[in-house]
Amino acid sequence: MRRKRVLPPTVLILCAAALAGTAPAVASPLTAPAPTAATPAAPLRILLTNDDGYNAPGIRKAFERLTAAGYDVTIVAPLTNQSGTGTKMMSAPTIAVKHPEPKVWAVDGTPGDSVLFGLSEVFEGHAPDLVVSGTNFGPNVAGLATHSGTVGGAVAALESGVPAIALSTGGLAVPDPTATINAMNPTMDFAVKLIDRLRTRARSGPLLPEGVGLNVNHPVVGADGKGTAAGVAATFQDPQAPLQPDFTDSGDGTWKVDVRFRPQPAARGGDVEAVNANKIAISAMNADWNAGPAESAATAALIAGVRP
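Note that my numbering has the sequence shown beginning at 16, numbered continuously upward.
Note that these hints are calculated values from the structure, not bench results.
Idealized CB from N, CA, C, for every residue including glycine.
Among these hints, one or two may not hold up.
[Said to hold, decoys possible] Below 25 Å or equal to it, Euclidean Cα-Cα: the simulated DSS-like pairs (lysine-lysine) are:
1) 76 <-> 113
2) 241 <-> 118
3) 241 <-> 76
[As the list claims (entries may be wrong)] Computed Cβ-Cβ distance ranges for the label pairs, DEER-style:
4) 311 <-> 270: 32 to 40 Å
5) 204 <-> 96: 19 to 27 Å
6) 85 <-> 274: 22 to 30 Å
Construct the complete structure from the given sequences, taking the supplied hints into account.
Shown next as structure tokens:
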């Protein structure tokens, strides 16, 4: 049974705060201290990756928006489209890397390969504060997230002890491609708000609890994709697998593969339900495949008494 990934209380607070905007003002003390010159905070250092390729519209929009927000952003992303590669990494003995422009590295491999190269070489000796993967062209909810290269890039970061956020734009309903590209603007607007809030609450510490990443799915709102999301929901990954394979025997030892889109009813409180309601879904994730406490207890009961 797949574990429902319930957000820890700390992360729930962060998500709610990101939706609420700025924190309420705090009353000034009766006697204000003498003003002192504040030391400017160092720019947040972000490794930006994706699975659509280093020059895809989503990652370029993310680079533009995150840089404009004052972050120090470096792209380390696949040279070509790597959608659906999941957590695959280090599967070849050599890897080609291009450096086509300042702050951009293109790795001829998967998102996982890109993140590992970035952490080992581009950020050698000084890990980034955050890895952002996306924004993906299309959703990474339910079973799509399990096989997503975008999510895989975030998982590679978490395995290396670096906080990570996977960003995706879209829902299970397939909109006009232009609408999805337009919706990348509000996706990145929200991402900046979320990262700013994480940094404020971190108080110079890690942006997220140890080992925890966020899978963020922003809906496409309106026919043109320029609408505003209806809210933010703390969710878990819906257990359904909306893509169903169909194999047809060609009679010559080969089989034709077709993938059919068959969404099931959305799980209550899951990411699919939230995105269907035009809400931004934020699911906590970690880099391992451990089941939750209930599933682990059930497994222990099943194997009790078994001997080698």
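Hint by hint, here is what the structure shows:
1. 76 <-> 113: At roughly 21 Å apart (the allowed maximum being 25 Å), residue 113 and residue 76 satisfy the hint.
2. 241 <-> 118: Distance ~29 Å between residue 241 and residue 118 Cα, so the pair is violated.
3. 241 <-> 76: Measuring from Cα to Cα gives roughly 15 Å; hence the hint holds.
4. 311 <-> 270: 32 to 40 Å: holds (38 Å)
5. 204 <-> 96: 19 to 27 Å: holds (25 Å)
6. 85 <-> 274: 22 to 30 Å: Hint violated: Cβ distance 41 Å, outside 22 to 30 Å.
Checked against the numbered hints listed earlier, the structure breaks hints 2 and 6; every other hint is satisfied.
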